[in-house]
Amino acid sequence: MTTTATTDTLTDRYVAAVLRHLPGSRRSGSRRPEDQRSEDQRPDIDIERELRASIADAVDDRVEAGADRAEAEFAVLTELGDPARLAAGYADRPLQLIGPALYLDYTRLLTALLVTIVPAVAVAVGLVKGLRGAGALDLIGETLGAALTTAAHLVCWTTLLFVTIERAAGRRTPARRWTPDALPEPPTRRARYGELIIYTVAMVLFTTLILLSPVISTETDAHGAPIGVFAPWLWQTGFVYAFIALVTLNLAVAYAKHYARWSVPLAVAGTLVEIACPIALLWLAAGDRVLNPGFTQAAAWPQSATTWINTALIVVSALTIVFAVIDGIARATRR
Amino acid sequence: MWHVHDDDELLATHLQELRRGTVVLACLLMLDRPDYGYALLDRLTRAGLAVDANTLYPLLRRLEKQGLVTSDWNTEESRPRKFYRTSDRGAALAAALSRDWDELDTVLRSLKGAS
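Residue numbers (my numbering), protein chains in the order written: chain A, 1 to 335; chain B, 336 to 450.
Check the hints yourself; a few may be wrong.
[As the list claims (entries may be wrong)] Partner residues are not named here, just some residues of chain B that face chain A (Cβ under 10 Å, in silico):
{"hint": "1", "residue": "G372"}
{"hint": "2", "residue": "L432"}
{"hint": "3", "residue": "R444"}
[Claimed, not checked] Far from chain A, some chain B residues (derived; all Cβ distances over 12 Å):
{"hint": "4", "residue": "L346"}
{"hint": "5", "residue": "S406"}
{"hint": "6", "residue": "W436"}
{"hint": "7", "residue": "L439"}
[Claimed, not checked] Simulated DEER-style distance windows between Cβ atoms:
{"hint": "8", "chain 1": "B", "residue 1": "R434", "chain 2": "A", "residue 2": "H258", "range": "33 to 39 Å"}
{"hint": "9", "chain 1": "B", "residue 1": "A430", "chain 2": "A", "residue 2": "L266", "range": "46 to 52 Å"}
{"hint": "10", "chain 1": "B", "residue 1": "L346", "chain 2": "A", "residue 2": "D327", "range": "35 to 41 Å"}
{"hint": "11", "chain 1": "A", "residue 1": "A67", "chain 2": "B", "residue 2": "R434", "range": "41 to 47 Å"}
{"hint": "12", "chain 1": "A", "residue 1": "H258", "chain 2": "B", "residue 2": "A382", "range": "44 to 50 Å"}
{"hint": "13", "chain 1": "B", "residue 1": "L439", "chain 2": "A", "residue 2": "H258", "range": "19 to 25 Å"}
{"hint": "14", "chain 1": "B", "residue 1": "R420", "chain 2": "A", "residue 2": "H258", "range": "39 to 45 Å"}
{"hint": "15", "chain 1": "B", "residue 1": "N409", "chain 2": "A", "residue 2": "L97", "range": "58 to 64 Å"}
{"hint": "16", "chain 1": "B", "residue 1": "R434", "chain 2": "A", "residue 2": "L148", "range": "34 to 40 Å"}
{"hint": "17", "chain 1": "A", "residue 1": "L148", "chain 2": "B", "residue 2": "L384", "range": "43 to 49 Å"}
{"hint": "18", "chain 1": "B", "residue 1": "A430", "chain 2": "A", "residue 2": "T149", "range": "55 to 61 Å"}
{"hint": "19", "chain 1": "A", "residue 1": "H258", "chain 2": "B", "residue 2": "D423", "range": "25 to 31 Å"}
{"hint": "20", "chain 1": "B", "residue 1": "K400", "chain 2": "A", "residue 2": "L97", "range": "22 to 28 Å"}
Hints are computed from structural coordinates only; laboratory data are not their basis.
For clarity, every value in this text was computed on a predicted model and none was experimentally measured.
Cβ coordinates follow ideal geometry from the N, Cα and C atoms, glycine included.
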């Protein structure tokens, strides 16, 4: 090539900008020696070589037609446009957070979460504040604050979830031009999505209540501090956070089942995650580690109430495990 | 009332929509003879199917990933170039797309004749 130093720099900078936006690419200059793949197999190196050749060809063409080399290079790069956009084309990456295939699922779930959980949290916080005799201004402020925080969390995490699904490989509904496949889902699939929404709402509500339980309670001790309904042991050992992580994982599995194709690893992982929660609950209930003895005493519950609650939790957990296994087998045999 | 400028923009949008799928078909037909990105861009433009470079280059890689074209680096000349060629699968797809195009053409002609 007979390019001058300055024009080289412009193409270099352009190519570098494209490569920077490619996933998993390292600039050729800073390549690590331990990379054993040959150059032809490295997609970023392949793209770099091809892009450089294409740019050089286009510049040569314009120079042959009588253009100044620097101007020709400038024009060619202008035509190629924003390097980030070109890189997105190479990587086949969507230039949108949530595409049309998922947008409606996203808005439906977000609406369902917002209209159920935000009022629930607001009512819970307002009720507890009211029972404790807080001033009207304090009550309204705390309630609005809790509602706003909850809404912000819901929007943030739901969006993040769908942005992840949008970018996940092997999705059932790849972005494409409209075909009748894009018509509203048949009743069964739509019904299943309804179930998924209900499940999500229930899980988020459940988690919120568990997390709020130490600070929001109907019982208070001698100093007026709330007595949580669940055993303090759960918080001291951090077990409650592990449990919530399991609940979150359960939710992720439910979405994976809805959006991803069925596969053996997914099905096995899904069933394992599904039975992990009831097993943990079963173990907790069997060891009487669920309820706070301080709370049952303060609320003047009879001792038999604790026994009954533990027994009920054990039975429900055992049934959940059985159903999860049966459902996993049924799904597998339907393939 | 629309200004002329708005009309131009509208026309450009609709033309782009109309031509979107034809680029793939044209590439698969033209790469019957192996060629590299810039030369293909040139041939397409001269054939009257102007494509943007930033559309064509990623498209070629996508077609390769889908197994519709195969590629080979030619390093014999002073500038190494990646040559693409339509695979058997690509040729079969091109035939199917062409049939569809012909059918569309027939339909549109009859529509125009009927009006």
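These are the hints, each one checked on the structure:
1. At about 5 Å, the closest approach between the beta carbon of B:G372 and any beta carbon in chain A falls short of 10 Å, and the interface hint on this residue holds.
2. About 13 Å separates the beta-carbon of B:L432 from the nearest beta-carbon of chain A, more than 10 Å, and the hint is not met.
3. A hinted interface residue such as B:R444 counts as satisfied when its beta carbon comes closer than 10 Å to some beta carbon of chain A; here the least separation is about 23 Å, so the hint is violated.
4. Listed as outside the interface, B:L346 is consistent with that label: its C-beta sits roughly 20 Å from the nearest C-beta of chain A, beyond the 12 Å cut-off.
5. For B:S406, the non-interface assignment is contradicted: its Cβ lies about 9 Å from the closest Cβ of chain A, within the 12 Å cut-off.
6. Every Cβ of chain A is farther than 12 Å from the Cβ of B:W436; the closest lies at roughly 15 Å, confirming the non-interface assignment.
7. No Cβ of chain A approaches the Cβ of B:L439 within 12 Å, the least distance being about 14 Å, so the stated non-interface status holds.
8. B:R434 and A:H258 have their C-beta atoms about 37 Å apart, which keeps the hinted 33 to 39 Å range intact.
9. The hinted window of 46 to 52 Å between B:A430 and A:L266 is violated, with their beta carbons roughly 37 Å apart.
10. The beta-carbon spacing between B:L346 and A:D327, approximately 55 Å, falls outside the hinted interval of 35 to 41 Å.
11. Roughly 43 Å separates the CB atoms of A:A67 and B:R434, a value that falls within the hinted 41 to 47 Å.
12. A hinted range of 44 to 50 Å holds for the C-beta pair A:H258 and B:A382, which are about 46 Å apart.
13. The beta-carbon spacing between B:L439 and A:H258, approximately 36 Å, falls outside the hinted interval of 19 to 25 Å.
14. Separation of B:R420 from A:H258 is about 41 Å and conforms to the stated range, judged on CB atoms against 39 to 45 Å.
15. For the hinted restraint 58 to 64 Å between B:N409 and A:L97, the CB-CB distance of approximately 40 Å leaves it violated.
16. Evaluation of the 34 to 40 Å hint for B:R434 and A:L148 yields a failure: the beta carbon distance comes to about 58 Å.
17. As the Cβ distance of A:L148 to B:L384 is approximately 54 Å, the hint placing it in 43 to 49 Å is violated.
18. About 59 Å separates the C-beta atoms of B:A430 and A:T149, a value consistent with the hinted range of 55 to 61 Å.
19. For the hinted restraint 25 to 31 Å between A:H258 and B:D423, the CB-CB distance of approximately 37 Å leaves it violated.
20. Between B:K400 and A:L97, the C-beta spacing of about 24 Å keeps the proposed range 22 to 28 Å intact.
The structure shown violates the earlier hints numbered 2, 3, 5, 9, 10, 13, 15, 16, 17 and 19.
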